[in-house]
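**Student:** Chain by chain, the residues run as shown.
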Amino acid sequence: MKGSVISVLVVFALVAQDRLAGGLEHRSYDYTKYHTMDEISAWMNQMERENPDVVSSMIYGQTYENRNITLLKIGFNSTTPKKAIWMDCGIHAREWIAPAFCQHFVKEILGSYKTDSKVNKMFKNLDFYITPVLNMDGYIYSWRDNTTRLWRKSRSPGTGNCTCFGTDPNSNFYANWGMVGNSRNCCSDLYNGPTALSEPETKAVTDFLGAHQNQLLCYLTVHSFGQLILVPYGHPNISAPNYDELMEVGLAAAKAITAVHGKSYKVGTPPDVLYANSGSSRDFARLIGIPYSFTFELRDEGKYGFILPEDQIQPACEEAYQGAMSIINYVHDKNFKSAAITVTATLWTTLTALWISSANVF
Amino acid sequence: MLSVIHTHLESVSSRLCYATVLRFINSSSSGPRSSPERIMKAFCSLWLLLSLVELSPAPPASQEPPLVCRGATDPAPPQPETQEDMASTGDLEPTHFPARRAAQVALHHLNTLHGSPFRVFGLQQVHKASAEDVAAGGRKYSLDFSVTDWASGSAGPALRCSAEVMFPRTQQHSGPEVQLRCEALQQVSSTAEEHAFYQKYVTPDSAVSAQHLPDSYGNMSEDMQPFWRLARVAASFIMLRESSENTEFNMVQVASITQQESSEKQLMLDYVVLLHDLPSQEIVQWKLLVSWSPDRGVRVLQTEWQPRCPHATKPPN
Chain A
0 MKGSVISVLV
10 VFALVAQDRL
20 AGGLEHRSYD
30 YTKYHTMDEI
40 SAWMNQMERE
50 NPDVVSSMIY
60 GQTYENRNIT
70 LLKIGFNSTT
80 PKKAIWMDCG
90 IHAREWIAPA
100 FCQHFVKEIL
110 GSYKTDSKVN
120 KMFKNLDFYI
130 TPVLNMDGYI
140 YSWRDNTTRL
150 WRKSRSPGTG
160 NCTCFGTDPN
170 SNFYANWGMV
180 GNSRNCCSDL
190 YNGPTALSEP
200 ETKAVTDFLG
210 AHQNQLLCYL
220 TVHSFGQLIL
230 VPYGHPNISA
240 PNYDELMEVG
250 LAAAKAITAV
260 HGKSYKVGTP
270 PDVLYANSGS
280 SRDFARLIGI
290 PYSFTFELRD
300 EGKYGFILPE
310 DQIQPACEEA
320 YQGAMSIINY
330 VHDKNFKSAA
340 ITVTATLWTT
350 LTALWISSAN
360 VF
Chain B
0 MLSVIHTHLE
10 SVSSRLCYAT
20 VLRFINSSSS
30 GPRSSPERIM
40 KAFCSLWLLL
50 SLVELSPAPP
60 ASQEPPLVCR
70 GATDPAPPQP
80 ETQEDMASTG
90 DLEPTHFPAR
100 RAAQVALHHL
110 NTLHGSPFRV
120 FGLQQVHKAS
130 AEDVAAGGRK
140 YSLDFSVTDW
150 ASGSAGPALR
160 CSAEVMFPRT
170 QQHSGPEVQL
180 RCEALQQVSS
190 TAEEHAFYQK
200 YVTPDSAVSA
210 QHLPDSYGNM
220 SEDMQPFWRL
230 ARVAASFIML
240 RESSENTEFN
250 MVQVASITQQ
260 ESSEKQLMLD
270 YVVLLHDLPS
280 QEIVQWKLLV
290 SWSPDRGVRV
300 LQTEWQPRCP
310 HATKPPN
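These protein sequences, in sequence, are chains A and B.
Mapped onto numbering that gives the first Met the number 0, the consecutive letters of the first sequence carry residue numbers 0 to 361.
Mapped onto numbering that gives the first Met the number 0, the consecutive letters of the second sequence carry residue numbers 0 to 316.
Extracted from the complex, chain B is given alone in its bound form (with noise of 0.2 Å):
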């Protein structure tokens, strides 16, 4: 119904007009910003109800999103390149691109078993790595690294850690090994917070449900940061068992999140992330079930992928 919309203010009305009604669309939350923008406002709605009223055709079926995806959809979730082995064995430089995805796929186990709606590590800084190959045709990195809690902001300390990040070399792609430890981690005490937001979510009644965070302009509001959290550590599940040499995964956007009726004293989330692989700039779409208390943390109990489309098809002559 929205599509249709915005399909019809694109052909009605000027483009303008069209970014401030759809900006209005957008971001229901924060209002219009001054006078002028609210007056436009008027002006477009006003605009819009007239060019309804005036019999317009409805659009064409070709600007409509096909209901199955026609043609190629996005390419299947990167897989590992039969890359020419150029990774060199021994001391690696910190600030180069092997050291850095190894501690990705350290910090993605690292938030898989520490992560929580108020807790997620992010790398700060490779002090130390090295490489070396190990049996069947595996390569071993050996890490030394900063993280931050990105929870605490930028006033939160930054602790150290060392891991092995085994990633496998098999036919078909299996995920990296990792062994890990870092100083200071207090693991089992979830903060006041953690259970202040369970409380509040976890009631019968409870039925959160938002699309699109961070909104196109990086917007997010504070109420629904836990939730971000949340999906990020879930989608850490994902990313580390995706992940290879060749791969650098972050997530871009919950695209959709969806409350489920609470489970066993768990909180119930239905999300849809999407995320980026660096060398090949794709975006994944994963659907995700995962359920999270302060007691049990975060698990994920089904993950999809799903294909990406209609962007990338033509639309049907």
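Chain A with its partners taken away, still in its complex shape (with noise of 0.2 Å):
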């Protein structure tokens, strides 16, 4: 009796000692395998308390079930607003390895930062928000059992005669809403809701960036699959001002991402390269002037689709960290005048000055 209660006790002490830790094994996370939201948020409390000096997280939201909306604030603390760097992964629920690239690109930055000067760079002039999972009602869902492993949307109840579930969110911002590519069937994956903006969680998103306006200077938001770079606009009648920039930018993220492990992703808008659609947060974020907004779609092109195998998360995050990265670099760049160019332009300045003055003696 003794021993065995004393054997349920270690139990109990051991999986107390495991909870702790978040359930995060020998305190060292697997960014190889998906993690439940349970995993993902104890993994968001470790970051915050492992890099307390440039990591912070923010509350900017609930989701209809009342869960926390969360984000990773990154970079160096400063007295002042600094301009920043806008990623949510797992707006759709069923793309597992969107969530999983966001942690990979967290592990990065936070694994660099100190000794890589571009990203120590970016650290001192920008800040990261990164959403990790932004649907997490759908994700929790997509990881209840077999049957709800598709599952897209978020998880409000149909308003009205309507018996089925959700709203695709991606259709649901204000940005020319339920004009094209959408459904007005409740049951429909691609139903973008009763009204614009009726789901919390693109609510949310939406109060975020307004508030952040004049901060953001780039908007990208992470899918699978289909291995694209998508600018905007989803409508096939309407041209972002800065179309040709940004496919110039995208295509430059393209082939940073081939160069890796050879996988081929195409550049484009949705009407050219997947389909058109209206109600998107990339099109949202370039309407109200966040200039370098693109969506990412991931691996594969189809093979497996939404369930890609875990062994490819981490090539799949690798190539797209690349990609991400240079469209970074590139808004980073432009910017902030490098010091090297600084001490160029006060170098060339000089000598100008220089040879003027002494034409003048002559």
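You may find that some hints are simply not true.
Quick list of simulated restraints, FRET-style, between CB atoms [said to hold, decoys possible]:
#	chain 1	residue 1	chain 2	residue 2	range
1	B	E92	A	K117	31 to 39 Å
2	A	P193	B	S161	42 to 50 Å
3	A	D332	B	E92	24 to 32 Å
4	B	D222	A	M0	45 to 53 Å
5	B	E260	A	N67	50 to 58 Å
6	B	G89	A	K32	44 to 52 Å
Over the 12 Å line for every Cβ pair with chain B, so calculated as not near, a few chain A residues [unchecked claim]:
#	residue
7	K1
8	N124
9	S238
10	I355
Result set (DSS-like, lysine-lysine): computed pairs, CA atoms no more than 27 Å apart in a straight line [claimed, not checked]:
#	chain 1	residue 1	chain 2	residue 2
11	A	K302	B	K264
12	A	K123	A	K82
13	B	K286	A	K302
14	B	K127	A	K262
15	B	K286	A	K254
16	A	K32	A	K106
17	B	K139	A	K81
18	A	K106	A	K72
19	A	K120	A	K82
20	A	K117	A	K81
21	A	K117	A	K82
22	A	K106	A	K123
None of these hints come from the bench; they were simulated from the model.
Idealized CB from N, CA, C, for every residue including glycine.
With the hints as a guide, dock the two chains, each given alone in a separate frame, to form the complex.
**Tutor:** Printed below as a string of structure tokens:
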């Protein structure tokens, strides 16, 4: 009797220790496996605890089922507001590789900012706002059992006569809402909601982007599948004013991706390379003036689709990281003249001044 | 039974415990990965047992999946939309979706002819494409593209193909017509692997049965790969038949496979496959009766579209 009580207590103690570590075995997180929402939340806490100088978390809304939508703010502290990069993953529940990528991205920048001068400069000049799982309700639902794995939408109940759940959050933004490529059938995976911004998740993003409009330089939203980099807009008759530049930046990112593992990513607007649609977060970001707004559709091209094998998580994230960094580097360098350029400019100005003054003497 | 356990687990245990046990149930082939997880598993199993012994009430009826679907089921298989004809005639951009969709259709056709448990072709790249309107309102695509065999992995060579894909535009949907030529296609040679696989499973006492290939994590044992490929080839018959310029199908998952008694020396398999259509983002479920042998190739004998529920429906109040 005593023996079994002791063994139960030992089990409790071990489990408690395991639980305190947030289910993270031996305090090292496996970035090559898919993680539950609980594990991701615990990981976010761990990132904040282990990197207090550069990581803080912000709750910026609630999901329909009342969960706190949380982002990690990453960068050196500053007394004045800094320019910023936004990244969200997991707006569509079944696209599990996307949250995996956000976690990989955070790990990479936290692991390199001290040693990589480029990343260090980014931490100085920019803040990263990263939401690893935006549609938390949907993501949790997709983990429930084998029949829910392919859930896409939010988990708000249908309104009126509708007996189906969920709105497609990426059709629910105030960006040509309802114009093209959506469905008014509430059971459809493209149902754009009873009204624009009906979903608290899309409202949370909208409010945050609005409040940080003047800081945000770049909006990146991560999805799967298709191996695409999408530029605004989803409507075939509307062009972004900087379309040419966006295509250039996108194509450079696709090239950076291919250099890693040979995978080919296509670049274009949704009406060109995917299908026309409206109400997307990327379109909303561009419409309110965030100049560099892209959707990433990660691996693969349809062989496994949403159910990407775990042994592809690492390579998929590695290539997408290079693609994202290609864009972020471009955006950073466009807004922050590097020290080298300042030195060169000073040198040339000095030489020119000397030449002019010497010319005047003669 | 399993769903009752799941519901009960969800109500009595924490999410972490639930997720651990769920993963254990789902990945019975791969055991727990480390000792904390094993301890967690033991603890959760103990917790579950104790909670069952406590006379806990039966899960409320609203949490049981309804026996008959109530309310709306998933929409019917995507129909071609009456879409404003935005497709251009003449040369098409190879990276844009119209060329890609037509190439995928050509690939479905290729797989119906030459696919096997050890050969499934996937699109590598479209090189050139053009389209023209043809008589009776149809549209014909001319394509130059490369394909690879998924079964040979990254080591495999790319085959160059050309095809004409004609999408008829009739009142009622009828499938596209494909003419196809690929270089170096070994038409008749079935491989040693195919014969070994055939011999192993055509025996009278073979009764292969499995669910969810791959599993939720994208994992699948080596043994089941040929069955997955066979499903993918069989699915090509459906995807070909259902395709239009407004669809883009892939097979997401094999929901279930049940081997039937071999007939006329053919492997007979009952499949339920889940297809995904990109433009509508819908998941479509089909039941297929499939026969295969190295000599006769893949044949789809019966097909049945299955409505998907209950996850889309609200529980009854």
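**Student:** Going through the earlier hints one by one, which of them does the structure break, listed in rising order?
**Tutor:** Violated hints: 11, 15, 17; rest satisfied.
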